[in-house]
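Chains as they are written, first to last, in UniProt numbering: chain H, 1 to 424; chain Z, 1 to 424; chain V, 1 to 424; chain D, 1 to 424.
The set of hints was computed from the structure by calculation and includes no laboratory data.
Fair warning: there could be bad hints in the mix.
Here are the simulated lysine to aspartate or glutamate pairs, DMTMM-like style, with alpha carbons at most 20 Å apart [to be verified]:
(1) Z/K238 - V/E269
(2) Z/K270 - Z/D308
(3) V/K17 - D/D130
(4) Z/K188 - V/D362
(5) V/K188 - Z/D308
(6) V/K209 - V/E164
(7) V/K209 - V/D144
(8) H/K136 - D/D365
(9) D/K188 - H/D362
(10) D/K136 - H/D365
(11) V/K149 - Z/D362
(12) D/K188 - H/D308
(13) V/K270 - V/D308
(14) V/K238 - Z/E269
(15) Z/K149 - V/D362
(16) H/K238 - D/E269
(17) Z/K39 - Z/D308
(18) V/K188 - Z/D355
(19) Z/K418 - D/D130
(20) H/K149 - H/D127
(21) V/K270 - V/E213
(22) H/K188 - D/D365
(23) V/K242 - V/E269
(24) Z/K209 - Z/D144
Here the structure is a predicted model, which is why all the values come from computation and not from measurement.
Given next are the chains, with one letter for each unit.
Protein chains: 4
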Amino acid sequence: MEITQNQLEAHNDRASKAHQQSFNFIAATQQRVEEVISKLISFQVAIPSWALGTGGTRFGRFSGGGEPRSLDEKLADIGLLHRLNQSSGAASLHIPWDVPQDYAAIRQQAQHYNLRFDAMNSNTFQDQPDQAHSYKFGSLHHADPAVRKQAVEHNIEVIRQGIELGSDTLSIWLADGSCFPGQLNFRKAFQRTLESLQEIYAALPEHWKVFVEYKAFEPNFYSTTIGDWGQSLLFANKLGPKAFTLVDLGHHLPNANIEQIVSLLLMEEKLGGFHFNDSKYGDDDLTAGSIKPYQLFLIFNELVEGLDARGLDHATGLGWMIDASHNVKDPLEDLLQSVDAIMLAYAQALLVDRDALTAAQDNNDVTLCQEILQDAFRTDLRPVVREARLRAGGAANPVGLYRELQIRQQLISERGLKTVATGL
Amino acid sequence: MEITQNQLEAHNDRASKAHQQSFNFIAATQQRVEEVISKLISFQVAIPSWALGTGGTRFGRFSGGGEPRSLDEKLADIGLLHRLNQSSGAASLHIPWDVPQDYAAIRQQAQHYNLRFDAMNSNTFQDQPDQAHSYKFGSLHHADPAVRKQAVEHNIEVIRQGIELGSDTLSIWLADGSCFPGQLNFRKAFQRTLESLQEIYAALPEHWKVFVEYKAFEPNFYSTTIGDWGQSLLFANKLGPKAFTLVDLGHHLPNANIEQIVSLLLMEEKLGGFHFNDSKYGDDDLTAGSIKPYQLFLIFNELVEGLDARGLDHATGLGWMIDASHNVKDPLEDLLQSVDAIMLAYAQALLVDRDALTAAQDNNDVTLCQEILQDAFRTDLRPVVREARLRAGGAANPVGLYRELQIRQQLISERGLKTVATGL
Amino acid sequence: MEITQNQLEAHNDRASKAHQQSFNFIAATQQRVEEVISKLISFQVAIPSWALGTGGTRFGRFSGGGEPRSLDEKLADIGLLHRLNQSSGAASLHIPWDVPQDYAAIRQQAQHYNLRFDAMNSNTFQDQPDQAHSYKFGSLHHADPAVRKQAVEHNIEVIRQGIELGSDTLSIWLADGSCFPGQLNFRKAFQRTLESLQEIYAALPEHWKVFVEYKAFEPNFYSTTIGDWGQSLLFANKLGPKAFTLVDLGHHLPNANIEQIVSLLLMEEKLGGFHFNDSKYGDDDLTAGSIKPYQLFLIFNELVEGLDARGLDHATGLGWMIDASHNVKDPLEDLLQSVDAIMLAYAQALLVDRDALTAAQDNNDVTLCQEILQDAFRTDLRPVVREARLRAGGAANPVGLYRELQIRQQLISERGLKTVATGL
Amino acid sequence: MEITQNQLEAHNDRASKAHQQSFNFIAATQQRVEEVISKLISFQVAIPSWALGTGGTRFGRFSGGGEPRSLDEKLADIGLLHRLNQSSGAASLHIPWDVPQDYAAIRQQAQHYNLRFDAMNSNTFQDQPDQAHSYKFGSLHHADPAVRKQAVEHNIEVIRQGIELGSDTLSIWLADGSCFPGQLNFRKAFQRTLESLQEIYAALPEHWKVFVEYKAFEPNFYSTTIGDWGQSLLFANKLGPKAFTLVDLGHHLPNANIEQIVSLLLMEEKLGGFHFNDSKYGDDDLTAGSIKPYQLFLIFNELVEGLDARGLDHATGLGWMIDASHNVKDPLEDLLQSVDAIMLAYAQALLVDRDALTAAQDNNDVTLCQEILQDAFRTDLRPVVREARLRAGGAANPVGLYRELQIRQQLISERGLKTVATGL
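Taking the hints into account, I'd like the entire structure generated from these sequences.
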């Protein structure tokens with residue numbers, strides 16, 4: 001199903017008066033609203049193909065209905081999201097879950113929805129039915145060179161798929177680690193991983209990047225071979241200029257100061273990409289901004305500061321992606337809420353009075369530093385985000401229109417009640 | 001020093017136009033603004049006497065200037081805060097740091113500043129110069145009955161002081177615990193503590209309450225004898241109807257869901273009081289709302305829901321107090337920021353559409369539940385908080401006026417640059 | 001397959017000389033060795049049926065071979081373990097994974113292996129194919145009375161199954177909770193859960209118990225309706241004398257002092273049962289004693305102290321069970337290691353010089369308290385555990401004999417390489 | 001006071017029979033005992049001057065009696081420890097707490113006690129009475145160049161003091177950080193710190209090293225400018241070959257895998273030194289091995305493996321030091337317990353069958369890997385540690401002899417009951 005222009009306009013018309021009132025107020029009281037809107041319009045957050053279905057835990061999964069059954073339907077879902085918010089114009093595929101049958105057709109379909117292909121994700125944390133060697137004890141770090149070779153070749157295959165689709169990034173998340181003390185020689189595991197990554201790196205086309213993701217724990221519960229940003233940065237530095245660290249908000253130990261990590265990776269010119277989600281305990285993969293919205297704002301505050309300091313374009317300087325798991329919500333509603341929270345945090349960060357902040361920092365005026373950040377965060381910028389969305393051709397209220405049009409019910413009638421999307 | 005009515009009005013006049021504009025906007029778009037204002041005006045947050053000076057850590061303290069040197073000056077400082085925000089109309093004293101010389105004079109002084117005396121705090125976590133027995137190994141839980149007796153008598157003495165001042169609550173925080181496995185028999189420590197508390201309880205006047213605070217760790221680093229809400233509730237239930245649990249936001253293990261604890265204690269009719277602060281790692285005692293403002297809102301959401309469910313008055317149903325330590329900010333500015341963040345979170349919680357939330361919860365419409373809470377949190381209610389403050393006779397911008405009038409500089413010239421307030 | 005007496009004796013003969021040497025040394029230097037042996041022999045740890053297969057995470061599962069395909073084969077596996085260690089003489093079943101077809105036959109089989117049926121476990125955290133209502137949004141706490149009724153009836157059915165098998169305990173773990181702020185009214189969720197539990201409680205036969213398990217998080221990532229020991233104890237107290245709290249070592253927030261919780265629950269006469277495992281990050285479900293063996297010892301130290309203080313028999317006073325997930329080891333080897341670590345910790349705790357410890361505690365001689373505990377923990381009591389096992393008819397080295405006899409290979413040839421046990 | 005040879009021998013004679021019995025048993029059953037003893041004898045753990053007095057928290061300090069009042073008395077205390085255990089043959093001084101009056105006399109005194117001077121520690125986390133600029137807002141990272149200059153000069157002065165004493169290492173722990181979001185520009189703070197460190201680095205004599213310590217939090221509670229091993233390693237790499245990372249066990253976020261960090265820093269040839277202590281919650285500074293002895297063993301397991309892999313001498317390859325705070329024990333007893341736990345963990349790590357472990361790792365035989373480590377850890381190596389101590393000329397039971405000789409009482413009679421050592 002697709003949303004028609006008439007449906008969109010009717011919805012926006014109904015919202016128009018209230019929106020104008022609130023937007024006029026904020027536009028009258030804030031000076032840089034137009035600049036913020038312009039940046040918001042350019043900013044696109046990639047949607048991972050696996051987040052379009054209901055997620056689960058080791059204790060089970062409670063599927064919803066109408067989940068996409070194929071890569072085609074996944075792109076259709078992302079197309080729907082992008083139609084509604086005009087901020088989700090990129091798809092991040094996962095191999096082997098999303099191997100296209102016909103590249104030209106898939107590229108054309110993406111074009112139809114106005115989507116590009118963001119980072120390609122490889123999978124060496126699960127065994128596929130036809131696989132020669134098991135990843136039970138890891139992949140790129142495995143003691144057995146045959147397993148490493150298989151995993152390296154898989155990653156190179158993912159690059160090939162990405163070339164066909166017009167992607168320019170390989171994103172590697174390794175589950176490799178250990179569950180018990182003694183299971184692993186940490187140094188050898190690091191060095192074997194490095195060698196494997198070097199082989200993959202050598203296969204990268206000229207203009208490609210590789211993102212090296214880190215994670216503190218899960219699915220291994222004693223050690224992870226790329227466990228924190230320090231380890232990821234070591235790999236990225238040893239690999240070369242095409243290698244970067246990828247930060248996933250849920251991949252840290254309790255109480256970690258993620259915004260400081262972001263700032264330092266930008267300083268080192270090694271921050272590559274970003275996985276948005278939120279969490280209270282571990283890698284909970286909850287909706288972005290649903291648990292710690294101020295942290296999300298603080299991270300954007302560092303991103304804006306750091307990208308500007310390096311002269312990077314906000315929209316293209318880093319890879320922006322959601323990585324979440326929707327266990328109890330409609331996945332599409334959840335993704336709309338996530339993108340909305342991200343845009344809001346970005347808008348707030350753009351509004352920070354940076355000159356005043358720098359002056360207050362130089363004076364150690366801690367009270368004022370806090371006031372400046374809180375002033376931006378407490379300002380209700382939803383009308384500005386909405387205005388940007390409207391100007392870009394999206395809906396005043398994406399979740400609202402999604403519900404008005406009963407999109408989920410339509411997807412169920414198209415696809416069935418018992419579908420299960422490939423992926424987590 | 002005191003702020004004159006002229007100074008206040010001049011400040012408010014300057015702020016008037018901008019305030020009216022923003023307040024009119026919110027008043028036009030939100031229905032229950034007057035009700036919120038009325039509740040905000042009634043809501044008072046007690047200021048602890050020890051938070052008026054610069055705090056420190058075990059690594060040292062960097063004092064600021066003009067700190068209060070006596071109980072008189074502490075009340076004067078709280079009077080200043082209350083003059084500015086009209087929401088700090090209560091003082092919480094700490095014995096022996098704040099033993100009054102002349103009760104009548106102190107009561108008169110408090111009346112002058114329009115302050116009442118909130119909960120009285122005892123201290124058995126430090127040795128005083130003239131003390132017979134040491135609290136090195138605890139107080140109410142101590143193996144030696146003589147130490148317990150001394151600690152019990154100190155608490156009864158604090159009640160006596162409180163009676164003189166017109167307080168009606170004893171607040172007990174015990175540092176009692178152990179630093180090493182084996183140091184303590186947990187069961188005996190619990191039972192000895194219970195006996196001690198029962199003796200103190202027996203000394204409570206008819207209309208008094210006792211608050212039993214819990215804390216996960218620090219200053220003991222292996223166990224704390226009243227370590228969590230479950231233990232505090234056990235004590236409160238065994239003691240009787242005058243005993244309640246006190247929740248300090250910083251006294252939990254990492255990732256604790258404090259709002260759920262608050263809800264259940266209200267359900268059990270055993271939530272007594274609240275210590276506001278914020279933290280990232282432990283009992284960091286930072287400015288309320290400075291790290292996790294959404295958590296603060298969620299806690300107020302439960303407080304409003306639970307107080308309403310029990311038919312309790314928001315202003316008097318619980319004891320509200322700040323407990324923070326200001327290591328790098330002017331303590332008075334910090335306290336103004338804390339009270340402001342508390343009022344804002346309270347206002348946001350009051351604005352939650354409770355009927356809609358209940359309906360969404362009953363339907364398991366998780367997306368909508370989140371939207372309802374986020375809608376209240378994302379609304380900029382600072383104009384409403386400001387309006388309440390102005391109507392109550394406070395300043396449009398308390399920190400702003402405090403700076404305009406150079407109050408800290410005046411306090412320094414009155415009291416000196418090298419004063420150190422008694423307390424932490 | 002079963003281990004013959006000849007195989008066992010041949011193994012034990014080979015180990016005999018080295019064992020005697022080490023046992024004689026410890027028997028000569030420790031006074032209470034015989035008493036410890038006698039208690040070790042009585043002590044039995046129940047094996048949960050779901051721990052006999054390879055576990056997994058939400059990211060996948062790497063099955064091993066020869067996993068039990070039926071309840072019969074599960075009992076056979078537990079029989080093997082018990083044959084090897086003589087300390088695993090109880091099975092804990094999980095309904096609906098383990099519904100017996102023929103009770104008499106199953107009871108007879110258990111008798112053959114010398115096993116009894118420990119606590120029965122219900123499952124309302126997953127949907128079964130034929131189920132009328134979904135547990136996606138919880139079970140006993142559900143807003144919809146029809147879902148609660150279904151879940152209550154399931155639990156009552158599990159009691160019925162247990163009666164047939166000769167069990168006397170129902171163990172309830174609820175996944176009920178919420179993933180997002182606002183999703184749940186905590187108070188109503190608690191009260192609905194209480195009502196549901198009361199209906200189940202009413203169906204308990206005279207001599208039965210019900211264990212109420214708590215868990216901090218997972219599979220819900222914002223709140224859990226029975227989230228900590230305080231909440232579980234509230235339920236147990238409101239339910240009545242047959243209700244007890246069950247402690248699972250992995251179900252706590254970071255840094256929790258579990259041994260103190262154990263001590264206080266014993267004090268309150270509400271500790272019912274125990275789930276052993278180990279963890280570094282969350283509910284990692286690793287082999288008992290593999291990460292924090294000193295913590296395991298400290299917990300046993302409290303168990304011994306508390307059971308003795310209440311005059312309870314160690315073997316029957318509480319329900320002892322392993323609850324682990326074996327993702328990278330042979331499940332049977334893992335369980336043998338777990339039971340061995342538990343027996344060792346229990347033996348160490350039995351060896352603590354309690355009179356000396358009490359005296360040191362009363363003197364606040366912290367150095368000595370630590371020395372006393374460390375002395376017991378540092379003593380190598382493996383010969384004592386081995387002696388107890390040998391006297392009971394087990395193997396000198398259970399994992400060793402399991403490997404010598406190539407039991408896994410035999411199970412694979414019997415059952416196949418691609419079996420997947422029902423359960424997690 | 002000093003312990004006489006007669007006193008020592010009499011104590012050892014009394015312990016001799018029991019020791020011989022237990023040592024003979026272990027020597028008969030373990031093959032590499034002599035090699036372990038030889039390494040234990042060489043291994044020396046430096047004692048920090050500030051750990052000789054009673055520590056405290058921000059809530060207070062409960063002093064013990066007989067604390068050292070001067071650098072002379074501190075060296076005398078370390079001399080006592082070394083006399084007892086022959087493993088504490090180094091002192092780590094802290095400037096300005098330990099500025100010597102007469103270098104030659106101090107060097108002579110150290111020689112008398114058979115002590116060398118280990119790493120010198122600077123202090124820019126507290127203000128000294130005569131200091132021009134305050135460190136309230138940091139030192140090496142400070143926005144004001146004058147503050148940075150003062151801090152740099154202090155560090156250079158500490159190097160000068162160290163040269164006089166024969167030390168060859170400067171150990172820098174920075175409290176620099178921030179308490180509130182916005183207070184600091186992380187990137188600029190990093191870069192200013194780097195510049196300051198470069199100036200200090202330039203002042204290092206030829207054969208000196210500088211250790212850059214990291215810490216997750218405290219005394220700053222939002223960010224720390226050198227917050228984790230990744231940041232410390234960045235600094236060490238940018239500084240040059242004389243710069244190394246220092247690991248303090250208590251300076252990590254909850255659940256961190258410290259042994260993996262240790263392994264990787266050794267791999268990078270950037271591990272410089274080690275601060276031993278133990279903790280449950282934060283930087284609790286408890287006795288080494290008192291909370292997580294298995295973790296201590298696992299860390300030593302990596303140290304032994306990594307030092308051997310690089311061909312480094314265990315005794316001199318890294319800087320070994322205790323950094324603890326003794327709040328409830330006699331500091332000297334606490335230090336004896338710490339050193340003993342360190343020696344025990346080191347001995348256990350030396351006993352790990354490394355060839356077997358490597359083979360098991362290469363086979364992914366996780367069960368066996370665990371068995372190998374647990375076998376070493378569960379073996380009672382106290383007789384081996386004792387034998388090493390006796391051969392080196394120490395006491396059979398250091399804490400026992402300390403108590404028999406009533407050393408604390410003698411120190412009190414020499415120094416008084418109310419002394420307070422300089423330092424924390």
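Comparing the hints with the structure gives:
1. Our distance criterion of 20 Å between C-alpha atoms is met by Z/K238 and V/E269, whose separation comes to about 15 Å.
2. Proposed proximity of Z/K270 and Z/D308 is supported: the alpha carbons are some 15 Å apart, at most 20 Å.
3. As the CA atoms of V/K17 and D/D130 are separated by approximately 72 Å, the hinted pair breaks the 20 Å bound.
4. Taken as a hint, the Z/K188 and V/D362 pair is honoured in the structure, with Cα atoms around 10 Å apart against an allowance of 20 Å.
5. Only pairs whose Cα atoms come within 20 Å are accepted, and V/K188 paired with Z/D308 is accepted, the gap being roughly 14 Å.
6. Taking the CA atoms of V/K209 and V/E164, the gap is about 16 Å. The hint holds against a cut of 20 Å.
7. As the CA atoms of V/K209 and V/D144 are separated by approximately 27 Å, the hinted pair breaks the 20 Å bound.
8. This hinted pair checks out: H/K136 and D/D365 have alpha carbons roughly 12 Å apart, not beyond 20 Å.
9. At most 20 Å may separate the alpha-carbon atoms for a hinted pair to count; D/K188 and H/D362 meet this at roughly 11 Å.
10. Using a Cα cut-off of 20 Å, the hinted pair D/K136 and H/D365 holds, with the two alpha carbons roughly 12 Å apart.
11. Among the hinted pairs, V/K149 with Z/D362 is consistent with the structure: their alpha-carbon atoms are about 16 Å apart, no more than 20 Å.
12. As the CA atoms of D/K188 and H/D308 are separated by approximately 14 Å, the hinted pair is consistent with the 20 Å bound.
13. With a C-alpha separation of about 15 Å, the suggested pairing of V/K270 with V/D308 holds against the 20 Å cut-off.
14. With a CA separation close to 15 Å, the supplied pair V/K238 and Z/E269 stays within the 20 Å bound.
15. A distance of roughly 16 Å separates the Cα atoms of Z/K149 and V/D362; the hinted pair therefore holds under the 20 Å criterion.
16. Pair hint H/K238 plus D/E269 holds up; C-alpha atoms about 15 Å apart against a cutoff of 20 Å.
17. Restraint check for Z/K39 and Z/D308: satisfied, since their Cα atoms lie roughly 13 Å apart, inside the 20 Å limit.
18. For the suggested pair V/K188 and Z/D355, the alpha carbons sit about 15 Å apart, so the restraint of at most 20 Å is met.
19. For the hint linking Z/K418 to D/D130, the alpha-carbon distance of about 14 Å falls within 20 Å, and the restraint holds.
20. Proposed proximity of H/K149 and H/D127 is supported: the alpha carbons are some 15 Å apart, at most 20 Å.
21. Of the pairs offered as hints, the one joining V/K270 and V/E213 holds, with about 12 Å between alpha carbons and a cut-off of 20 Å not exceeded.
22. Distance hint between H/K188 and D/D365 is fulfilled; the C-alpha atoms sit about 16 Å from each other, no more than 20 Å.
23. The hinted pair formed by V/K242 and V/E269 meets the criterion: a straight-line CA distance of about 11 Å does not exceed 20 Å.
24. With a C-alpha separation of about 27 Å, the suggested pair Z/K209 and Z/D144 falls outside the 20 Å cut-off, and the hint is violated.
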